[in-house]
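A.B. asks: Below, each chain spelled out in residue letters.
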Amino acid sequence: MMFPLNLWDASLLLATLAIILLITSELLPHYGRVRILINKKRLRNTAAAVSILFLITVAIRIADIILNH
Amino acid sequence: MDAFSLLFFTRIDTIVHGDLYKYGLQFNYAWAGQYWTYSYLFIDSLTIAIIFIAISIASFSFYVRKHSTASRVACYVFLTVGTALTFFSVYLFYNIDYIVHNDLYLYGLHFSINWATNYWTYARLMLALIGFGSATTITSITLISLGARKLVRINPAKLTYSTLITTGAIALFTSIIYTSPILAFIGLGLLFWGITFTYIRTEEYAKKILLDTTASSQQATLNHIIQELQYEGDVIYLPPKYFRNPETNKVYIPEQKNTPLPRPEQIQKQEQDFLIEKPPGVLFTPPGAELSKLFERTLETSFENVDLRYLQQNLPKLFIEDLEIAQNLEMETEANKIRIQIENSVYKALNTETEQPATIYSRLGSPLSSAIACAVAKATGKPIIMEKEQNSNDGRDVTIEYRILDEEAQAES
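Taken in order, these protein sequences are the chains called H and V.
Sequential numbering of the first sequence, starting at 0, is according to numbering that gives the first Met the number 0.
Sequential numbering of the second sequence, starting at 0, is according to numbering that gives the first Met the number 0.
Because the hints were derived from the structure by calculation, they are not lab data.
Incorrect hints may have been included.
As the list claims (entries may be wrong) - Residues on chain H that point at chain V, a partial pick, calculated with CB under 10 Å:
#1 A9
#2 L12
#3 L16
#4 K40
#5 L42
#6 T45
#7 S50
#8 F53
#9 T56
What the hints assert, rightly or not - Not close to chain H: a few residues of chain V, all C-beta gaps over 10 Å, as computed:
#10 D43
#11 F61
#12 Q271
#13 E276
Every residue gets a Cβ at the ideal spot worked out from N, C-alpha and C, and that includes glycine.
Make the full structure from the sequences, and use the hints.
C.D. replies: Listed below in structure tokens is the structure:
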């Protein structure tokens, strides 16, 4: 048994999630007159956290390329 | 679902007892006896499960009409036993599968992708149908038990995120077992959306109309009392130094206009009273007192420890982003005057739709303008008068003007 995704797959997934979260947080009305309540600040923070994770995977990949050459 | 599963099982049986002989299988009672036992048990248990589920459906329709407890219990029991038998049939099928993929090779069977593909397709279709049928039955049992309660409130958001997280976790776990990247992506995606849905409705949600109707009657009562007392002086928001407890927010209305401002000691002696005698006036908690405390809690500070500049910098963010009570807020200060412009405030309906005369509102102010007055009084440490509260025609925008009172000048006059 092993996890079927490699670092590149995880990187792609993180990038997609970060974009979705960021767009959602920016598209939400600037002040709450909506039927769905969501904590916009927390959503934006999560988007930032996921983006950082994505950048870390990119950094690992770059480091891997540099070290292997 | 179960009936279709039986149909697919007959196809599997045809492959075992027909096609496999073309691939070297030799008939022997040693394997056939075991195979038949499991097959008959499989067919019987699935047939009984179908009958039980049919009886439970009939019991449920009887329960819907008559609301009899016996029919509800029968419905539960037959559904539960039916589901258990379905799971038992899956166990039996795995035994059959073991015979096909192990024992039959001892009796001359050669593996070929031709028969294996058909066999696996039917087997997977059959198991998927049984799984889907069982999931539906379990959901039915849950919904019936929830429906039997006197007060049922199914939260769609909660149901959605629970389903997404459970399905995602199962998909992710299966992906690890079968090393399937597609299942892993599906599982992670479902988990992501499930977790995102948990953040929906993170705060208590109440319709705005409730806020308006609840607050307006209390404010109307307060306005009425002040009107009846015929106190003509300005509404003065007092700073913390006038009270023993610095957290107190109160306003003072003198009996006559141009009455000198009382000294802090005078107010401290009578701060628990509504009607005060020296100097004559009323002292009460303004409509925005609690809202002002909420501002402090949200900003994690006490307005006593900040100055007017802090309010100027932080009130827009507080109103727009943190509490989402307005679309825009601008605060201007000029000498002893403060001018605040609020766009699209949530309190707009309160200002325009209640039937109280505008003059009363201009004195006490809406909860929002009152809360800002409390904050300004605390931050400046000086008494504040709200000079004007002006609403736009559509009630969307509010302009409020405050004046900081010079206590020494007031005392001299």
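A.B. asks: For this structure, which hints from the list above don't hold up?
C.D. replies: 7, 8, 9
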